[in-house]
Every structure is written in C-alpha cells, then in structure tokens.
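*Asks:* All chains should be modelled from the sequences, with the hints used to inform the complete structure.
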Amino acid sequence: MHVGRSYRPIEFALWSRGSILFMVLVSLCAIGAYSIPSIAGFSVPWPIIVVLGTTVSLMAGFKNSQVLARSSEALQAFAQISATSRMLSRFCCDFTDEPTKRALVYRHIAWMTALRFCLRRPMPWESMGRKSNAAFRKRYRVIEDTTSLSDELTALLGHDEAAKILKSGMLAAPLQLLNQQGHQINLLFRDAGLAPQVYTELLKLLRDLHDQQARCDRIKNSPYPRQYAIVSTMFVAIFCTLLPFGAVPVFAEMSRLGGVWGVISIWLTIPFSALLGWMYMSLDQVGESTSNPFEGGANDVPISQICRELEIELRSAMGELDLPKPLQPRNGIAT
Amino acid sequence: MHVGRSYRPIEFALWSRGSILFMVLVSLCAIGAYSIPSIAGFSVPWPIIVVLGTTVSLMAGFKNSQVLARSSEALQAFAQISATSRMLSRFCCDFTDEPTKRALVYRHIAWMTALRFCLRRPMPWESMGRKSNAAFRKRYRVIEDTTSLSDELTALLGHDEAAKILKSGMLAAPLQLLNQQGHQINLLFRDAGLAPQVYTELLKLLRDLHDQQARCDRIKNSPYPRQYAIVSTMFVAIFCTLLPFGAVPVFAEMSRLGGVWGVISIWLTIPFSALLGWMYMSLDQVGESTSNPFEGGANDVPISQICRELEIELRSAMGELDLPKPLQPRNGIAT
Amino acid sequence: MHVGRSYRPIEFALWSRGSILFMVLVSLCAIGAYSIPSIAGFSVPWPIIVVLGTTVSLMAGFKNSQVLARSSEALQAFAQISATSRMLSRFCCDFTDEPTKRALVYRHIAWMTALRFCLRRPMPWESMGRKSNAAFRKRYRVIEDTTSLSDELTALLGHDEAAKILKSGMLAAPLQLLNQQGHQINLLFRDAGLAPQVYTELLKLLRDLHDQQARCDRIKNSPYPRQYAIVSTMFVAIFCTLLPFGAVPVFAEMSRLGGVWGVISIWLTIPFSALLGWMYMSLDQVGESTSNPFEGGANDVPISQICRELEIELRSAMGELDLPKPLQPRNGIAT
Amino acid sequence: MHVGRSYRPIEFALWSRGSILFMVLVSLCAIGAYSIPSIAGFSVPWPIIVVLGTTVSLMAGFKNSQVLARSSEALQAFAQISATSRMLSRFCCDFTDEPTKRALVYRHIAWMTALRFCLRRPMPWESMGRKSNAAFRKRYRVIEDTTSLSDELTALLGHDEAAKILKSGMLAAPLQLLNQQGHQINLLFRDAGLAPQVYTELLKLLRDLHDQQARCDRIKNSPYPRQYAIVSTMFVAIFCTLLPFGAVPVFAEMSRLGGVWGVISIWLTIPFSALLGWMYMSLDQVGESTSNPFEGGANDVPISQICRELEIELRSAMGELDLPKPLQPRNGIAT
Amino acid sequence: MHVGRSYRPIEFALWSRGSILFMVLVSLCAIGAYSIPSIAGFSVPWPIIVVLGTTVSLMAGFKNSQVLARSSEALQAFAQISATSRMLSRFCCDFTDEPTKRALVYRHIAWMTALRFCLRRPMPWESMGRKSNAAFRKRYRVIEDTTSLSDELTALLGHDEAAKILKSGMLAAPLQLLNQQGHQINLLFRDAGLAPQVYTELLKLLRDLHDQQARCDRIKNSPYPRQYAIVSTMFVAIFCTLLPFGAVPVFAEMSRLGGVWGVISIWLTIPFSALLGWMYMSLDQVGESTSNPFEGGANDVPISQICRELEIELRSAMGELDLPKPLQPRNGIAT
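Protein chains in written order, with the UniProt record's numbering: chain A, 1 to 335; chain B, 1 to 335; chain C, 1 to 335; chain D, 1 to 335; chain E, 1 to 335.
Hints should not be assumed to be uniformly reliable.
Each pair may be met inside one copy or between any two copies, as identical chains are not told apart.
[What the hints assert, rightly or not] When the alpha-carbon atoms are kept at most 25 angstroms apart in a straight line, the in silico DSS-like pairs for lysine-lysine are as follows: (1) Lys101 / Lys138; (2) Lys138 / Lys164; (3) Lys325 / Lys131; (4) Lys167 / Lys138; (5) Lys204 / Lys138; (6) Lys101 / Lys204; (7) Lys131 / Lys167; (8) Lys131 / Lys204; (9) Lys138 / Lys325; (10) Lys325 / Lys220; (11) Lys220 / Lys131; (12) Lys101 / Lys325; (13) Lys101 / Lys220; (14) Lys101 / Lys131.
If you're looking for bench data, these hints aren't it; they were derived computationally from the structure.
*Replies:* Next comes the structure, spelled out in structure tokens:
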C-alpha cells in the first residue's frame with residue numbers, strides 16, 4: 001500500500017509506459033491509413049467513439065468499485081484479526097499459567113506467519129509476473145521474498161512442532177495451527193478447569209479467527225471474475241485502438257488553417273491519442289493491480305507490516321524485551 | 001470458476017459466436033435496405049443510437065452489479081460453511097466419544113454432499129441448456145454429472161440410513177440430515193451430559209449451517225428477477241438490431257473519398273457493427289451466465305471442489321489416512 | 001415471482017400495451033404538428049432529447065436499484081424465517097412434551113399464516129388495482145384471494161383461540177401470536193424447568209422472528225418514497241412525450257431521398273417512437289411493479305409457497321402424515 | 001411519509017413553484033440577451049449544456065442515493081425499536097411483579113416520547129423553515145407541534161420523576177431514562193433475584209435500545225455533508241441558469257420556418273426551459289427534503305405514528321383498556 | 001463537520017480560489033494559441049471534451065461514493081463508542097465499589113483522549129498542510145492543537161500512571177489503556193467475585209471498544225488508495241486543461257455576429273472555462289478533503305466534541321458536579 005503523499009505522475013507514467021507505447025504505434029497506423037494515397041481517408045466516425053467512450057467509462061467504474069471492495073474487505077479482515085489478537089493475548093495473560101500462555105501466544109504468532117506466507121503465494125491470475133509490476137517491485141521490499149516459512153516457524157515453535165506442522169504442506173499450515181489452538185483451548189476447559197465464561201470468550205475469538213481466515217482464503221482463491229476481466233479489457237483495448245482512427249480526421253481538418261498547421265496538425269493525433277488512450281488504459285490497469293490484495297504489489301494490503309506490529313504488541317505484553325523491529329515502508333510503499 | 005490467468009479472446013469469441021453471426025446477418029440487411037434501388041437510403045438516424053447506447057450501457061452496469069452480488073453471496077456462503085465445518089470437527093473430536101464423533105462428522109459430510117447435489121439440479125431459468133454453454137461444458141468436468149447422490153450417501157452413511165434419508169426425495173435430503181444432526185446434538189446434551197458451554201457452541205454452529213443452507217436455497221430458488229432480465233435482453237437486442245442501420249450511412253458517406261473506398265466503404269459496416277454488437281451482446285451474455293452461481297457453468301462457484309477439500313480436512317482430522325483426492329481444475333475451470 | 005425460463009416478449013408487450021398506445025397517439029400529434037400547414041415545422045430539437053435521455057436512464061437505474069433492494073430484503077426475511085422455523089421445530093420436538101410441542105408448532109404455523117394475510121392486504125400505493133396488473137393476475141393464483149384468515153386460523157388453533165386472536169383485528173394477529181409464543185416459552189422456563197441453555201436458544205429464535213416481522217412490516221408499511229416515484233414518473237412521461245416531436249424532423253428529412261421514402265418516411269416516426277418510448281416506459285413500469293414485494297403481483301416474493309413448504313416440513317417433522325400439498329406455480333408464476 | 005397512492009402532479013408543482021418562477025425569469029433574460037439589438041446573438045453553445053447535463057444527472061443520482069440511505073437507516077432504527085419494545089414488554093410481564101412491570105414499561109414509553117421530541121427539534125441545516133416547506137406543513141399535523149414533552153412525561157411518570165428527568169434539559173432526557181432503565185434492571189438482578197438468563201436477555205434489549213438511540217442521534221446530529229450539498233446545489237443552479245441561454249438559439253432558428261413560427265418560436269424557450277429546469281431543480285429539492293428524516297417534513301419517517309402504535313401495544317399487553325387513539329395520516333401524510 | 005445551514009458560496013469560492021486562478025491562466029493560453037498569428041487556430045475538438053467530460057463525471061461520482069463511505073464509517077465508529085461507553089458506565093456504577101468505578105471510568109475517558117490524539121496526528125497523505133486548508137483552519141478550533149496528551153492524561157490518571165502509559169509512545173497509548181482496562185475487568189472476575197453475567201457483558205463492551213479502535217486505526221492508517229487518487233486527479237487536470245482549448249473556437253465563432261461580439265466574444269472563454277473548470281476541480285477537491293475523516297479538517301468527524309460530551313455524561317453519572325464545558329462549533333464548524 002502506498003502510504004506516501006501521492007504517486008508522482010512521473011512514477012505513474014513509468015509504470016504504465018506500455019500503454020503509451022501502444023497508443024503511439026496505433027496512432028501511427030491511423031495516420032498512415034488516413035494518408036497513404038491508395039487508401040487515403042480511412043477513419044472511424046467519431047460518434048462511434050463517443051458511444052464506446054461512455055460504455056468504457058461505465059465499465060471502468062463498475063470494475064473499480066468491485067475490486068476496491070475486494071481490497072477493502074481484505075483490509076477489514078486484518079483489522080479484525082488485530083482486535084481479536086489483542087483480546088486473545090489479554091485472556092492468555094490473565095487466565096493461564098506461564099507455559100500455556102507462551103504456547104498459545106506463540107502459536108498465534110505462528111498462525112499469522114503461516115497465513116501471511118500462504119496469502120503471498122502467486123496465483124495464475126495475479127499480475128505480479130507482468131514486466132511493469134516486476135520492475136516496480138524492486139522499489140520496495142516484500143519480506144516474504146527473503147525469508148522462508150520453515151525458518152520463521154522453527155524460530156517460533158521450535159524445530160519439532162514446526163516440522164510436524166509443515167509436513168502436510170504450506171497450504172495446510174494455518175489451518176493446522178488454528179486447529180491445534182482450538183484443541184488446547186478445549187483441553188484447558190475440559191481438563192484444567194478454565195472458567196466457563198473465559199472459555200466461551202476464547203471460543204468466540206477462535207471462531208472469529210476461523211472466519212477471518214475463511215474470508216482471506218476466499219479473496220485469495222477466487223479472482224475477480226475472469227469473464228468480467230476479459231470483457232472489460234477487450235472493451236478498453238477496442239476503444240483505444242479505434243480512438244486514433246477517430247481522432248485523425250478531426251485533427252487533419254485543422255490543416256485547412258494553413259500555415260504551420262498545414263504541416264503538423266495531423267501529427268497532433270499522436271500526443272492526443274496517447275494522452276487519452278493512456279488515461280483509459282491506466283484506469284483499467286489500476287483496477288487490475290488492485291484486484292488481488294495479497295500478492296505483494298504496491299497497492300496491496302500491508303499484511304507483513306500489520307503482522308509484525310501485532311507480534312511486537314503480543315510479545316511485549318508478555319513482558320519480553322528482545323523484540324523484532326517494525327517494518328518500515330520503503331519508497332513510500334508499505335507491504 | 002475460471003481460475004486460470006484469463007479467458008483467451010479466441011475462447012471467448014467461440015463461446016459468443018452466436019452474437020457475431022447475428023450481427024453479420026443484421027448488417028447485411030442494413031446494407032441491403034440502404035442500397036436496394038427502390039428503397040435506397042433507409043437508415044436509422046445516429047442520434048437515436050447514441051441515446052440508446054447510453055441506456056444500454058447503464059442497464060448492463062446495473063445488471064452486472066446485481067448478478068455479481070448473487071455470485072459473491074454464494075461464494076461467501078461456502079466460505080462460511082468452511083469455517084463452521086472446521087469448528088464443528090474440532091468440537092466433535094474433543095468432546096464426544098469415537099462413534100459419536102464419526103457419526104456427526106460423516107453426517108456433516110453427507111449434508112454437504114446432499115446440498116451440493118441439490119444446488120446442481122437444473123432450474124427452468126438457468127442457461128446450462130443453451131447450445132453455447134452445453135458445448136463449452138465439455139471443456140471441464142462437473143463431478144455431479146458422473147456420480148449419483150444415492151451412491152455417495154450410501155458410501156458415507158451406510159445403506160440403511162442413506163435409503164431412509166432419500167425416501168422423501170433428493171430435495172429434502174439436506175434438511176433431513178441437518179435436522180438429524182440437531183437431534184443428536186440435543187440428545188447429547190439432554191441425555192449424555194455434554195457440557196452446557198460446548199452444547200451452546202454446537203448450537204451456534206448448527207444455526208449457522210441452517211442459515212447458510214437457507215441462503216443457498218434462496219439464491220438457487222429465486223432467479224435474477226425475470227422482469228429485469230427480459231427488459232435488459234430486449235434493450236440489447238433492439239440496440240444491436242438498430243446499430244447497423246445507423247452505421248450504414250456513416251460508412252457509406254466514406255465512398256465519396258473515391259478510389260478503393262468507393263467500392264468497399266459500405267462493407268465496412270459489417271466488421272464494425274459485428275465488433276460493437278458482439279461486445280454489447282457479450283456484456284449481456286456474461287451477465288446472464290454469472291447470474292446462477294450453482295448450475296455448473298464455467299463461471300460458477302466451485303462448490304464441488306470446496307466440499308471435497310473440506311471432506312479431506314475433516315477426515316484427516318479424525319486420523320483417517322485413506323483420503324479422497326482433491327478435485328483439480330480442468331482447462332482452468334474449477335467446479 | 002416468475003420462475004419460468006423467461007417472460008415471453010409477447011406476454012410482456014401485452015402487459016405494457018398501454019404505453020405503446022400512448023406513444024402512438026403522441027406520435028400522431030407530433031406528425032400533425034409538423035405537417036399541418038399553418039404551424040408546419042414544429043419540432044423539439046434533438047439535443048434536448050439527448051440530455052433528457054441520459055438523465056432518464058440514470059434515474060431508471062437509481063429507481064431499479066432501490067426497488068430491487070426492497071424486493072431482495074423481503075426475500076431474505078423469508079429465507080431467515082425458514083431457517084429459524086426449522087430450528088424452532090427441532091427444539092420443540094426434542095425438549096418439550098407432546099401437547100406443548102403441538103401447541104408451539106401449530107401456533108408458529110398460525111403466525112406464518114397471519115403474517116401472510118397481513119402482508120397481502122392492499123395498500124394505497126400498491127399497483128395491483130391498475131388495469132394491466134389486474135388483468136395479468138388472472139393468469140396465476142394468489143391463495144389468499146380464495147381463503148380467509150379466520151378459516152385457516154380456526155383449522156390450526158381451534159375455534160376458541162382463533163376467535164380470541166382475531167378479536168383485535170387481522171392486523172394485530174401476528175403480533176398476538178408471537179407474543180403468546182413468548183409467553184409460553186417464558187412459562188416453560190419459569191415453571192416447567194426448561195434447561196437454561198435451551199431457553200436461551202428459544203429466545204434467540206423468538207427474537208429473530210420478531211426482527212423478521214418488524215422487517216416485513218417496515219417494507220409493507222413504507223412505500224418506495226413517493227417523492228422519488230413521482231419525480232421518476234414525470235421524467236419518463238416528459239421524455240416520452242417529447243421524443244416523437246424530436247424524432248419527426250429526423251425522419252421527415254429522409255423524404256428528400258424521394259421514391260417510396262418521399263411518402264412514408266415521416267410515418268416511420270410512429271414505429272420508432274413507439275419502440276423507444278415503450279422501452280423506457282416499460283423500464284419504469286417494471287420498477288413500479290417490483291417495488292411492493294408482498295402485494296401478490298407476478299414479480300413478488302412467493303410467500304404463500306414458502307409458508308406452505310414450511311408448514312409441510314414442520315408437520316411432517318412431528319410425524320404427521322396427512323399433509324397439505326405444496327403450491328405449484330401457475331403459468332410460471334409462483335406466489 | 002406520504003402514504004397515499006402518489007403525490008398529485010399539481011401538488012408537486014405547487015410545492016416547487018419557486019423553481020418554475022426562477023426558470024421563467026432566467027428565460028426572459030436569455031431571450032433579451034439574444035434579441036436586444038446591441039448585443040443580439042448572445043447564447044451559450046449547446047455542447048456545454050450537454051456536458052453539464054450529464055454531470056448534473058450523475059450528481060443528482062449520487063446525492064439521492066446517499067440521502068435515501070439516511071432515510072432508510074432511520075426507518076430501520078425505528079423498526080428495530082419496535083421489535084425490541086415488544087420483547088421487552090413480554091419479559092416485564094412474565095418475570096417481574098406488577099409495580100416493577102408498570103415502572104419499566106411506562107419508563108420505556110417515556111423514553112420513546114423523549115426521543116421523539118429530541119428528534120423533532122430543528123437543526124440549522126434542516127429545511128422545515130423554508131417557505132415552500134412551511135406552507136406545505138399546514139396540510140398535515142406533527143403531533144409534537146401541539147403538545148410538550150413536559151406534559152407528556154408528567155402523564156407517564158408522574159410529576160416528580162418527570163421534573164427530575166427534565167432538570168438537565170430536554171436533550172439529555174432520553175439518555176437519562178435509558179440509564180435509569182438500566183439501573184433498575186441491574187438492581188433486579190443484584191438484589192431481587194432475577195434469573196440470570198432473563199437478565200442477560202434484558203441487557204441485550206437494553207444494549208439494542210442504546211444502539212438505536214446512538215444511531216438516531218448520529219443521523220440527527222450530522223447533516224448530509226454540507227460540502228456535497230453546496231457543490232450539488234451550485235451545479236444545478238449553474239446548469240439551470242445556462243440552460244435557457246443554450247435553448248434560445250435552438251428555438252430561434254425555428255423562426256426561419258416563417259408563418260406563425262416567425263413570431264412565436266423564440267418564446268418557446270420559456271416553457272421548455274421552465275419544464276427542463278424545473279425537473280432538474282425538483283430532483284435536487286426532493287433530495288434536500290429527504291435528507292433529514294426526523295424534522296417533521298412530508299417525506300420523513302413517521303416516528304410519532306410508530307411510537308403511538310407501540311404505546312398502544314405495550315399498554316394493552318399490560319391489560320389496560322383506556323388506550324390512546326392511533327394517529328391517522330392527514331392528507332395522505334403520516335408523521 | 002460543518003453544522004451550519006450551508007457553506008456560503010463566497011466561503012466556498014475562497015477556499016477553492018486556486019482552481020479559478022489555474023483556469024484563468026489556462027484560458028489565456030488557449031486564447032493565445034488560438035489568436036497568435038503564426039499558430040492561429042489551434043484548438044481541441046469539442047467531441048473530445050464531451051467524451052472526457054462524461055468520464056470525469058463518472059470518476060468523480062465513484063471517488064465521492066468511496067470517500068463518503070470512509071467518512072460515514074468513521075462517524076459510525078464514534079456513535080458505537082458512545083453507546084458502549086454509556087453501557088460501560090452503567091455497569092461500573094451498579095456493580096463495582098467506589099474506587100474501582102472511578103478507576104474504570106477515568107481510564108475509559110483517558111482511552112478516548114488518547115485515541116483522539118492519535119487520530120489527529122498528521123499523515124503524509126492528508127491535506128491539512130495544503131495552503132487553502134491551513135488558511136481555512138484558522139476559522140475554527142481544533143482542541144488537540146492547543147493541549148497536549150500528556151497534560152490531559154495526567155489530569156485524568158494522575159502523574160505516575162500517565163507517565164507509565166506514555167513511556168512507550170503516544171501511538172501505543174490507547175491500546176495500553178484498553179489492555180489495562182481488560183486486565184482489571186479480568187481481575188474483578190477472577191479475584192473479586194464479579195457476577196459471571198456482568199463479567200460477560202463487560203467483556204462484550206470491551207470487545208466492542210477493541211473493534212471500534214481497530215476500525216478507526218484502519219481508516220486512519222490506510223489512505224483512500226493512492227492509485228485511484230492520482231488517476232482521478234490526473235483525469236480532472238487533463239480535462240480542465242483541455243477545456244478552454246475546446247471552448248475557444250466555440251466562442252470565437254460568435255464573433256461573426258459582429259457588433260460588440262466581434263470584439264469580446266473570444267474573451268468569454270475565460271469566465272466560462274473558469275466557471276466549468278472550477279466546478280469540476282471543486283468536485284475533486286471536495287472529495288479529497290472528505291477522505292480523511294480524522295485530520296481536523298472542516299468536513300471531518302467531530303471527535304473532540306463527541307468525546308467531550310461523553311466525558312460530561314460519564315462524570316455526571318458518577319455524581320460529579322465540577323464538569324468540563326461542551327465544545328461549541330466555531331463559525332459553524334464542529335471538530
């Protein structure tokens with residue numbers, strides 16, 4: 001997530017330079033088609049552009065609402081996890097003995113860690129692999145790129161338990177940890193005489209963690225519907241391809257002004273088409289890069305940072321002093 | 001649900017080739033009406049097309065928001081079922097004896113199975129019967145097409161109980177299973193001394209399953225309102241029919257450029273009308289094929305896959321080793 | 001609720017034939033105003049039509065979103081009632097003795113019956129009285145038109161209790177039944193030793209029924225805001241009245257093509273205006289007829305059918321064999 | 001809230017006659033500016049009107065969605081209060097002795113009364129003071145205009161308690177009553193042996209009343225954001241001011257038809273501008289008058305009526321026979 | 001939050017005078033580009049403006065919906081905090097002894113204070129630093145500008161506890177207070193024999209405070225997505241820059257009317273472009289200044305005022321007489 005004042009226009013232009021290039025090429029074709037003697041005069045009537053433009057705008061609005069909703073929901077899930085983690089830590093400290101407390105809190109941190117790694121795994125529809133995104137990713141740091149789940153779990157749970165958890169694969173790890181958490185809480189109630197009211201509260205928190213995990217999984221596992229994505233992309237592509245062909249005669253007509261315009265007016269098609277086409281394609285690209293809030297992009301939910309802060313809070317609440325450092329945004333990008 | 005990178009444009013075009021054909025035919029009529037001597041010159045004024053185009057775009061936006069909401073809600077229901085199933089399994093393992101646990105967990109799996117089959121049954125308004133969808137369905141696999149509820153229930157519950165459940169018909173099966181689940185939980189509390197706190201939690205989970213089932217049934221049993229569906233389809237049909245009649249004079253005028261355009265300009269009506277009409281009709285068709293999230297289409301909620309994963313989780317949590325295999329997407333389509 | 005494949009266009013056209021007639025008449029006036037010698041040439045400039053058209057489309061979108069939300073909420077309320085009824089029936093069967101169980105379940109069915117009749121009563125703003133709707137209503141069956149609340153309550157509760165309930169009027173009946181339900185549950189806890197956990201659960205269900213009733217009452221008692229309804233209707237009316245006056249010169253101009261067009265072109269105003277005007281008026285009419293989900297229209301929530309199905313479920317869960325028949329949709333309309 | 005069939009167009013036109021007058025005056029200016037010899041020909045190009053028109057429509061849609069959401073939320077709050085009041089009354093009747101029951105129920109009615117008076121107080125941004133609204137208010141009756149909180153509270157609570165409640169001002173009254181309600185419930189549990197389950201349920205109801213009060217206060221105390229209100233009003237004002245200047249040349253051009261049009265065509269600017277401008281201004285005015293659902297306007301939530309009905313229900317549930325009369329809508333307006 | 005009748009247009013114009021200046025400058029350039037002999041005639045075709053205008057309107061609608069949702073959610077969080085605080089105070093008064101009550105209530109007020117200060121801290125993306133906002137801020141008063149958290153906490157908690165809380169920084173203060181609150185409640189239950197039902201209720205309230213804090217933090221820490229902010233700003237900037245270039249020929253054409261218009265018509269470009277451009281830029285600026293509801297702007301949620309009112313309520317409920325004064329809006333702005 002970008003947490004600076006604003007993207008700089010130049011930053012933005014670099015990120016989306018592909019569309020500018022595309023528009024320049026199409027504009028050249030359009031100028032060619034209009035000027036080459038044997039086929040001179042070809043153009044797309046402007047009214048068609050107007051109708052298409054309205055539709056493209058509406059669809060961009062539709063798409064952006066939908067992907068922003070996905071992104072907001074992801075953010076909400078982690079805000080909820082924060083609130084729940086704090087309550088959990090409080091109960092552990094007040095009602096369980098030292099080793100139980102440590103076990104529960106550390107396993108909770110391990111769960112957040114495992115969840116984080118699962119959510120960062122690449123999915124076929126995600127866009128981190130695209131060149132423009134891969135290049136941009138060098139400007140910031142995704143902590144999961146540089147550490148491994150196995151190392152982090154070992155540090156938190158010890159070697160044996162970590163190995164056991166990881167035996168059935170990374171994807172199953174968060175669930176297994178949550179499951180074990182539930183098991184220990186149940187045992188505390190069944191065998192160790194935990195007060196029923198406290199048990200009930202702990203179950204509520206556990207239920208909430210299960211819900212948030214299911215929510216994150218849902219967002220991670222189901223892409224923004226591909227049928228909408230393709231319709232939307234195709235509309236933008238067709239609109240941007242036709243745009244210069246519609247703009248050419250509009251500018252060419254200016255040549256009747258004579259003078260300097262007689263020569264250059266038709267070439268104005270290029271900057272104008274590039275400007276407009278770039279804007280519409282950016283609108284689509286921005287939507288695309290917002291739709292997967294966990295892949296580690298510049299516009300994603302900063303789950304690493306949130307989890308790190310929670311880890312610090314939870315461990316300092318247990319009186320530990322040797323705490324990890326908070327993750328700082330790099331180049332204004334929190335991850 | 002398509003879980004690949006994206007639909008390929010060619011795939012998409014094949015799926016919606018009906019609209020292209022329709023547009024080409026209408027365009028030919030439009031060219032005819034414009035060129036046949038005795039009635040030469042007939043066309044629809046373009047401003048009418050502009051007004052209609054705006055309306056059609058807005059209505060497509062409206063329809064797509066609504067059907068996407070249906071689809072998202074279906075997905076949420078199954079995410080919730082996941083979270084609840086896991087909690088249920090945990091309680092069964094920790095607080096009930098071996099046979100009770102087995103009975104409860106297996107009946108829960110049976111419930112998911114029965115629900116799944118009910119949700120896959122065809123409804124009059126669903127679009128799986130249409131030729132384009134039926135053809136596309138061969139590209140992936142809907143597990144419910146190849147097995148029967150009766151077989152699956154027998155495998156899970158034994159022959160006698162399965163027969164009893166199915167006596168009152170497939171449609172009543174999920175409810176009967178849920179009902180029986182409730183009955184056994186009540187008995188555990190009334191007669192077998194289940195701790196009140198645990199009982200309360202189990203009831204919450206049961207309530208949640210009832211809620212999710214009611215939610216799924218609601219989505220399955222009530223179509224996207226037919227009065228909106230027809231208005232929307234008619235608007236698109238009328239717009240696409242008038243479009244070529246509006247485009248003909250716009251392109252015909254280009255013939256005054258002489259040269260090659262004198263001959264072919266009017267024929268450009270065909271590709272342009274086909275392109276535009278295809279886009280708007282696709283927009284509508286995509287909406288149509290998203291509106292019923294359980295019928296087994298390529299854009300549906302992958303309920304078979306979700307249920308299979310839950311089955312694996314639940315059975316492995318009971319320590320079983322002989323587990324079914326997860327369902328893999330075929331051609332990028334998870335079902 | 002229409003539960004068939006789709007409305008047939010002809011069905012739809014018959015239902016909305018009023019608007020077609022209106023459009024034809026206005027078109028004739030427009031042709032007259034354009035052609036009558038002394039005032040020849042009167043028309044409304046087309047750009048005005050374009051601006052109005054956009055506004056009308058946006059407002060139709062706004063209205064349809066809002067009324068569809070009303071309709072969906074009504075559907076949700078009844079889905080919730082289904083889930084709650086099933087839970088209630090389970091508790092009654094497992095924790096109360098035979099007569100109590102019968103009393104509670106039958107009173108619950110009586111409550112659904114009374115609610116159903118209350119929701120079907122006509123309200124001043126509802127549109128069932130309009131000729132087009134009244135005619136269409138003959139194509140299906142609203143069960144509340146042919147039975148009376150008093151008869152149905154007597155069958156369920158016996159003559160004495162039914163009379164007592166109905167003494168304070170039909171409108172108060174559902175509340176009285178719910179109130180009595182609450183009273184009996186309270187007594188079971190206070191005097192008959194119902195387990196506290198079960199009592200707590202029963203109260204939750206009761207609370208939920210109160211909530212759903214308040215929700216249904218809210219939808220029934222407050223119309224789609226009349227100030228919006230009139231603004232919207234007036235916009236459509238003005239747009240459709242001006243439309244032919246704007247279309248006339250556009251088509252009249254075609255007469256310069258000579259030949260057959262010299263004579264008939266101006267008359268094309270009629271079919272085109274009728275087509276467009278009919279579409280926009282249908283859009284509004286569809287919104288109007290969706291806005292009151294309980295009045296018994298063809299697009300309403302099928303509350304009679306849902307309640308009948310619940311009655312069958314509840315009574316068969318008590319082991320009864322002499323069950324009423326489910327209500328079948330007639331001509332594709334479930335009520 | 002208007003609960004009749006529909007506003008009559010004439011009623012509506014009277015209410016919004018201010019805008020018609022405004023439009024006529026501006027149209028005269030526009031005709032003047034176009035015709036006065038020395039500056040003849042001034043007009044605003046129509047394309048500017050088209051762009052503005054689209055924006056104004058979109059903003060009207062935005063505003064109306066937002067204010068309608070406020071209004072619906074207010075309605076929901078009172079529906080929730082209904083459900084909760086009924087549950088509360090049931091518990092009081094079944095678990096407390098006669099004087100306690102009376103005290104609790106009457107204090108609850110007093111709370112609703114105090115809330116009602118608080119919500120009816122005028123706020124700076126509300127529009128009841130405007131001439132058109134003040135005139136329209138004579139057509140119906142707001143009960144709070146004719147009684148005083150002090151009288152009503154005295155009737156319900158006796159002179160002493162009413163005086164004590166009102167000592168700290170009307171605004172604090174509802175909270176004080178709710179607070180005292182909580183106090184008595186707590187005492188019942190602490191000292192009088194109320195069953196824990198019943199206590200828990202009563203607290204839930206109390207919590208819900210606190211929530212609904214906070215919700216109503218939120219809606220009452222925070223206007224529809226003024227920054228949006230002014231932007232929206234300014235857009236409409238500018239659009240409507242420019243409209244006749246854009247329409248003048250369009251109609252003036254008709255004068256070339258000669259005959260009767262040579263003389264009158266330019267004057268058509270007045271009715272057409274008035275019609276269109278009136279529609280857009282009405283759209284804005286309707287939004288404005290919906291945005292404050294508690295001020296006592298014709299489109300508000302009928303809180304007096306809802307509270308009166310609840311009072312009747314609650315008192316008759318205690319067996320009282322001398323009940324107040326329900327409030328009837330006057331001229332179709334429920335308040 | 002502006003709580004007066006309305007912003008005055010002049011107030012509004014002053015606030016947004018930057019855009020007017022910008023538009024005048026661009027208009028001068030446009031007139032120059034159109035008139036300077038050697039390049040005379042340069043202009044942007046109007047159809048391009050129309051397409052852009054529609055898109056800009058739609059995006060402004062999208063942005064304003066999203067930021068208003070942020071603002072409403074912030075308001076809801078504080079409404080919820082109000083309801084919860086009142087319940088909390090009631091329980092403290094009824095079930096704990098004098099010193100415990102005082103400790104809990106004062107720590108709750110301290111929590112609100114600390115939260116308030118945290119939410120007022122500046123973030124990089126907030127717009128309070130901009131000149132137009134800084135100037136406007138002098139018209140009202142943000143209480144957090146004139147006091148310090150350390151002083152206020154000392155007054156509430158005494159010097160020692162305040163120092164302890166502040167040791168780990170202002171940002172951690174609210175959480176630490178909430179955490180300690182939880183600790184004391186747990187101890188009351190574990191050691192001091194608080195009734196289980198009351199304990200359960202207190203935990204619910206605590207959970208709710210944790211949730212609201214997480215909600216406020218989420219809104220504070222995550223800006224309106226910067227990628228949308230920049231796309232939106234760029235669209236408006238490009239539209240407003242092109243607008244005068246499109247308007248110039250439209251007005252210049254009027255010069256053919258001769259007379260006074262021959263001279264001044266082209267200069268009309270300036271007022272018209274300024275008017276239109278100012279409106280669209282204001283629309284964007286209003287969105288920007290609504291998007292951060294806690295920074296202390298004129299359109300923000302009045303958290304200082306809400307917290308002060310709660311403090312007065314809570315302290316007077318404990319019988320204190322020496323209460324702080326409510327915060328009054330200054331120049332119609334509540335903070």
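*Asks:* For each hint, tell me whether it holds in the structure or not.
*Replies:* Evaluated hints:
In this assembly of identical chains, Lys101 and Lys138 lie within 25 angstroms of each other by CA distance neither inside one copy nor across copies; the values are 40 angstroms within and 51 angstroms between. Proximity of Lys138 and Lys164 under a CA criterion of 25 angstroms is satisfied in neither setting, with 35 angstroms inside one chain copy and 41 angstroms between copies. In the homo-oligomer, the alpha carbons of Lys325 and Lys131 never lie at most 25 angstroms apart, since the shortest distance is 32 angstroms inside one protomer and 36 angstroms across protomers. With identical chains, the CA atoms of Lys167 and Lys138 are never at most 25 angstroms apart, being 33 angstroms at best within one copy and 37 angstroms at best between copies.
In the homo-oligomer, the alpha carbons of Lys204 and Lys138 never lie at most 25 angstroms apart, since the shortest distance is 41 angstroms inside one protomer and 45 angstroms across protomers. In the homo-oligomer, the alpha carbons of Lys101 and Lys204 lie at most 25 angstroms apart both inside one protomer (18 angstroms) and across protomers (22 angstroms), since each shortest distance falls under that limit. Proximity of Lys131 to Lys167 under the C-alpha cut-off of 25 angstroms is found in neither arrangement, the shortest distances being 34 angstroms within a copy and 46 angstroms between copies. Taking identical chains as interchangeable, the C-alpha atoms of Lys131 and Lys204 are never at most 25 angstroms apart, the minima being 44 angstroms within one chain and 48 angstroms between chains.
In this assembly of identical chains, the alpha carbons of Lys138 and Lys325 lie at most 25 angstroms apart only when taken from the same copy (22 angstroms versus 39 angstroms across copies). Taking identical chains as interchangeable, the C-alpha atoms of Lys325 and Lys220 lie at most 25 angstroms apart only when they sit on different chains, with a minimum of 22 angstroms there against 28 angstroms within one chain. With identical chains, the CA atoms of Lys220 and Lys131 are at most 25 angstroms apart within one copy only, with a shortest distance of 22 angstroms there and 33 angstroms across copies. Taking the shortest alpha-carbon separations for Lys101 and Lys325, only the intra-copy value of 23 angstroms comes in at or below 25 angstroms, while the best inter-copy value is 38 angstroms.
Proximity of Lys101 and Lys220 under a CA criterion of 25 angstroms is satisfied in neither setting, with 31 angstroms inside one chain copy and 32 angstroms between copies. In this assembly of identical chains, the alpha carbons of Lys101 and Lys131 never lie at most 25 angstroms apart, being 46 angstroms within a copy and 52 angstroms across copies at closest.
Hints 1, 2, 3, 4, 5, 7, 8, 13, 14 from the earlier list are contradicted by this structure; the remaining hints agree with it.
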